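K.L.:
Position chains B and C relative to chain A; hints supplied.
Residue strings, one per chain:
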Amino acid sequence: MDLIKDGKRIDGRAPDELRPIKIEAGPLYRADGSCYLEWGGNKIMAAVYGPKEAVPRHIQDSTKAVINARYNMASFSVEDRKRPGPDRRSQEISKITAEALENVILTEMFPRAVIDVNIEVLDADAGTRCAGITAAAVALADAGIPMRDIPVACAAGKVDGVVVVDLLGDEDKKGDADLPVAIAPRSEEILLLQMDGHMTVKEFDEALELALKGCREISKLQKEALLKKYKTFEEE
Amino acid sequence: MERKIVIPGTLLGKTDTSKQGRGTFREGDNIYSSRLGLVEERSGYINVIPLSGVYDPAVGDAVIGVIDEASKMNWMVDIKAPYPAMLRVEEVPWRVEFGETSKFLNRGDVIVATVAFINEAKNIELSMRDKHCRKVDEGIIVEIQPSKVPRVIGKNGSMVSLLRQHTGCWIFVGQNGRVWIRGEDDKMALLVKAIKKIEKEAHTTGLTDKISKFLESESD
Amino acid sequence: MGISSVKRDYLYRLAKEGKRPDGRAFNEYRPIKIERGVIRMAEGSAKVSIGNTTVLAGIKMDIGEPYPDTPEEGAMSTAVELIPLASPDFESGPPRADAIELSRVVDRGIRESKFIQLDKLCIEPGEKVWIVFIDIHVLDYDGNLFDACSLAASAALMNAKVPNERFEMGEDVPMPLSDPPVSCTFVKYNGAIVVDPSLDEDEAAEARHTIAIDKNGDIRAMQKGLSGSFTVEEIKNNINNARIISKDIRKILEG
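Residue numbers (our numbering), protein chains in the order written: chain A, 7 to 242; chain B, 137 to 356; chain C, 473 to 727.
One chain only, chain A, in its complex shape (with noise of 0.2 angstroms):
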């Protein structure tokens, strides 16, 4: 199969063009703040608890607040059927979310505490752990977590030699490369980076600044669904 041509990708979308993106913020009723996101494909929810008191006590952070994500597949969201609990794959998604959110959140404000952030997909199509910590940052300001920034994700790579920009399904199994980048959008400090496949340099940084680009775009439909949430209130 040709994953590109004459220029265009399977799903007939241009080398920088993102997939069709839909962000609700605060979906939830008993989450502290919560996200809903669809991403082509993707389903993702996303919820925050906390920051509440860490049990067992081992775990605390006399400085600090410690940031607990957990990511994980549900079994109905992938073509053959996943086994329920968390895979190698999945425990490792969690400590790079956790390490990426940590990053931007003012932990010292909560010493001892704990702050525990749940990312489920439901429905999968490539691109899930930048789509989660998509959603779990709206789900952290949405919770009132004290943040610098708010984390945006999203990924670049390589199809049939051709650089680019949010891989779906079907490129990420057949493709040459592919390029997660998470930042922080003000600065566009890099908080997530993993890369597997072959790219030379130039490549890569081509890559790169697609996952750039396509990062400020997600940001600001963060934004807005955060907005939003309060807007309707305020043209009743």
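Source of the hints: derived by calculation from the structure; they are not laboratory data. Note that the coordinates shown come from a computational prediction; the quantities given were computed from them, not determined experimentally. Idealized CB from N, CA, C, for every residue including glycine.
Pairs of lysine to any residue residues, derived as SDA-like cross-links and limited to a Cα-Cα distance of at most 20 angstroms, are as follows:
| hint | chain 1 | residue 1 | chain 2 | residue 2 |
| --- | --- | --- | --- | --- |
| 1 | B | Lys258 | A | Gln66 |
| 2 | B | Lys333 | C | Gly495 |
| 3 | B | Lys323 | B | Glu354 |
| 4 | B | Lys329 | C | Gly495 |
| 5 | C | Lys586 | C | Gly689 |
| 6 | C | Lys719 | C | Tyr501 |
| 7 | C | Lys491 | B | Ile277 |
| 8 | A | Lys235 | B | Ile141 |
| 9 | A | Lys101 | C | Gly565 |
| 10 | B | Lys323 | C | Arg496 |
| 11 | A | Lys235 | B | Gly342 |
| 12 | B | Lys336 | C | Asn524 |
| 13 | A | Lys226 | A | Glu195 |
| 14 | B | Lys332 | C | Arg502 |
| 15 | B | Lys333 | C | Pro493 |
| 16 | A | Lys58 | B | Asn255 |
| 17 | A | Lys88 | C | Glu537 |
| 18 | A | Lys28 | C | Arg512 |
| 19 | B | Lys150 | B | Phe161 |
| 20 | A | Lys58 | B | Glu256 |
| 21 | B | Lys323 | C | Arg485 |
Below, a sample of chain C positions facing chain A; criterion: calculated Cβ distance under 7 angstroms:
| hint | residue |
| --- | --- |
| 22 | Ile511 |
| 23 | Met513 |
| 24 | Ser559 |
| 25 | Phe605 |
| 26 | Asp614 |
P.N.:
This is chains B and C only, laid out in the frame that chain A set:
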């Protein structure tokens, strides 16, 4: 007064013209919002009033707590903060012998107390010596987001007065987002609806009028 | 997680007057919303809300060996996940007894009503059959997971197709189904028995009774939970109420 909604990272002002208030952080000469909230300037300070978030206890706050545990010489109390609060036997209006704490307050009991002490490690201590402090024995507790408490009280108590007038209920607003109300059952049900409406529309203008209209229409 | 004494006292007081905190009658259900076909990757799916309780069920299918005692029947398996995002009291980790009980009760309702026509899911007798995985994710917990999970599972099955295409066995066909069970849960506190418990009522509950009723008003499965007790008369009243209430729920389920 229209207030703008800001998000974490929104640039609010500069340190040469303004002072850094609540819900903000500083980077170099710039003052930014750290919260999702409403920005306001007051006496030269830029503050962000959060639209959500946990209760951040301050000494002097009147709070409504739920007893978690009765130990030999104290009780551990849930005050909806990220940390449990301690109430020692020396700080209650009764004479409690060693090991007899559960005779006075048990797990699940509800009290009105004052935040007496907080240190840097966020250890919190309560006291029940103030006049308004007591065990809650009747009525109901409504839970709201702590960030919405100022709206339920209103400017100079205007909102809570309005609520009292229309429902005839007795109302005590804890700073930690718990409201204790007493009155006739159907009046309390109306009051709960009104409080929930205030919570939902806390960031809008003309709220006192809206609630007044709501209470009148629901009383028919 | 405990309930505060003030909340409990209020529940008890209202119950004496035949009232509930949210204004419902003892036999009144909260509004039910069902959205079908919400997960692309699943063979069938449904999102169900009862009041603020929201659960999502996904159906996945795979080919495997039949159980030795039913060589010409497909197999089914049900799992409910109490994921941490649904409540501050849900922790991550292997399923605790609550989740296991929920899974098995929902499973029993579907299995005993023969809702899935397992005999139509045989590919090669004794060798290959379809296995139906029913996975239910609780998204928002505000009381009554038994009924919400059962309803979501039924609605998801009604939305499901057998993925013949993916397994290169011809065209997709709808899941072979008969009539769904409808689950009705009651809880008892301080002598009062109410249907469709809200969160506070779940937390005050001393005993719980779940009944799965079929299209003809017959009983297919039942579960009594928690350490309190019911009298025989209370059990029979619950069954009668369940038979009436389930009719309305069935109308919503069958769209």
